[in-house]
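Start from chain S and add chain D according to the hints.
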Amino acid sequence: MPDAAARWVDVEHLHFAYPDGYEALKGVDLAMAQGEKVALVGPNGAGKSTFMLHLNGINTPAHGSVRIGGTLVERATLKRIRAAVGMVFQDPDDQLFSPTVFDDVAFGPLHMGIPEPEIHARVERALASVGMAGLERRLPHHLSLGQRKRVALATVLAMDPSVLVFDEPSAGLDPRGRRELIGLLQGLEQTLLVSTHDMRLVAEVFPRVVVMDDGRIVADGPTDEVLADDPLLLAHGLERP
Amino acid sequence: MAISLLPTGSWAALAIAWGTLALLSASAGLGPFRLSRGAFFALPFMLAALPLIFTRPGDILATFQLGPLTISISGQGIVEFLTIALKSWVSVQVALLLTFTTPFHDLVDGLRKMRMPRVIVSTISFMYRYIAVLSDEAGRMMRARAARSAHVDGSGGGSLVWRMRVVGGMVGSLFLRSYERSERVYAAMQARGFSGEFRHMHGRPLDAADRAVFVAALAAIALFEIAGQLWLPHA
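Residue numbers (our numbering), protein chains in the order written: chain S, 6 to 246; chain D, 5 to 239.
Chain D on its own, in the form it takes in the complex:
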């Protein structure tokens, strides 16, 4: 969040953020560039910011004609696009660092301690448990389809509409399977005494050291944000 609040063109602040992350990542035994590489999977989402280059008013750098449309590229547009791209790249690295270094169980436990509503915490942990089961199920269906998608020489693979209907059917059947599984899971929960209210073990309570780390981290982030807004150069 601190990163997304930085003003446009805060190259120095972003560099500091990236450097800190690389340092943390190295100290966690991941190597300094592991996160930077991993975060490229978010690249497609940055495309959403691409139109800014053309739509943002500002000094025109280049203009070209596309049929009836006149398209111009502005300097401000490029700066904004680059800022958004870098911000999302660095933000994704923060998330990656958290998930690489913290077991899922501790994350859920942390959410619970931060007083996140129980229903949400339970939903997240169910999602985590069943995403693997569900993707296995989808994988088996795709394999079954591939195994029967034979081609006779000279014939195509059916029309696009027909293929879309096949995929639609697969999605529907996956939904029904998941729905039926949810009924069986619910029965298994009931069988072990679940009656509508989630209970959790309390685990290790937060101690003074935990609170100190939390406050220090918050202060460091605040300092970084102030520096980014006021002292470090930006466009």
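Next comes chain S alone, as it looks inside the complex:
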């Protein structure tokens, strides 16, 4: 299916309203090719997080559809979709909920029904790929924020997803932590969608950027063009790197 690779992440006319009636998404269309790295920027409250929670079915759209690798996100496909789309949340204290690093990284594979010897191998591989090998027995609250963010990434890498979604990965990191994160992001082969306010990160890692404001996508194009459009950036509360 050549179409599936070109539109690996395929979102059409997505609408979503919160139970209190607030309309957070007002028709979002987005297509990403397999392996593409895209940054999602926009002011606070633009709907970025709400949008990203649709990509693995945590939020259910009011109208419109989300397809990952050709599979429609719906109740019946949730298990498959959640294995395919890894989601890294902004606060690692939300993502790391188990007593030890090992338990946390093993949580995803375990709930995917993978046999135990394979889980051990996956945990080891995932931790090694984020530079945290050998920390299996550590407690999450004894790690630094940068380390916790890397373990949070390992928790989804262990599930071997084809799409990775990050919410504000560089928030709160010191310069060294940020450097390490950029190295990690550049090394990932998966299709990548990252929401951020860090315009230098956007310029450094992502060839394509999508600007979102008030529940809609207002710009979508090559990073150097979008970041050179001062009137656009100003209108949506952004700035050049």
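Among the clues, some could well be false.
[Stated by the list, open to error] A short list of chain S residues far from chain D (calculated; beta carbon distances all over 12 angstroms): (1) Glu17; (2) Gly40; (3) Gly91; (4) Asp108; (5) Ser175; (6) Gly192; (7) Ala224.
[What the hints assert, rightly or not] Simulated coverage check for chain D against chain S, where a stretch passes if three residues somewhere in it have a Cβ under 8 angstroms from a Cβ of chain S: (8) 128–134; (9) 193–200.
Calculated from the structure, these hints are not laboratory results. Since we're looking at a predicted model, the values are computed, not measured. A virtual CB, placed ideally from N, CA and C, is assigned to each residue, including glycine.
Chain D in isolation, oriented as in the chain S frame:
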């Protein structure tokens, strides 16, 4: 439990229990008196047993007048209070020894192997994970309050009622924050394939040596209890 079942005034049995604990503690590299010192944090709870001194009927040792009330101290009351105090002090040491020497992960694993219901085991491990996060959050709120609790010379810090309302608001806001965090944690769990059923790795199965240690420990505790009830002196 074996300790709390001992009869009143089992000084010898309690001394043996304490001695054994000190020995175990020393062999675990903690030093013999570390537990004894640590267990004093339970002291405030022993106050709950204090009224026994005055309410327990028995030989009156002293009587005094407190307004319209006549208060008397009985010998049995003192003995019972001391027994309860010592029992709780020694029991707390047992718990401390367990937590000092066993990583939390192994404790949870042990509970699971002893067929404790999964929901309870998971609740305990979530509690352990988030207690630090929660206390950090509470600490930040207290600091924010302290930073704005300035005093101008000659003025007080607001009435007691007003202060209570501030604290009440803080507790409420901490609850809301935790509630919202729980929603985010749940979303993170769902995102990794959680659909309502907890699964666990099986880890190392219990072997014959584990069972032997368990049976031996149980036998030793039973022997200690029988000795405490029947052979050792008590009041």
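Now for the hints, and whether the structure bears them out:
no., hint, in the structure
1, Glu17, "holds (22 angstroms)"
2, Gly40, "holds (21 angstroms)"
3, Gly91, "violated (8 angstroms)"
4, Asp108, "violated (8 angstroms)"
5, Ser175, "holds (19 angstroms)"
6, Gly192, "holds (22 angstroms)"
7, Ala224, "holds (28 angstroms)"
8, 128–134, "holds (count 5)"
9, 193–200, "holds (count 7)"
The structure shown violates the earlier hints numbered 3 and 4.
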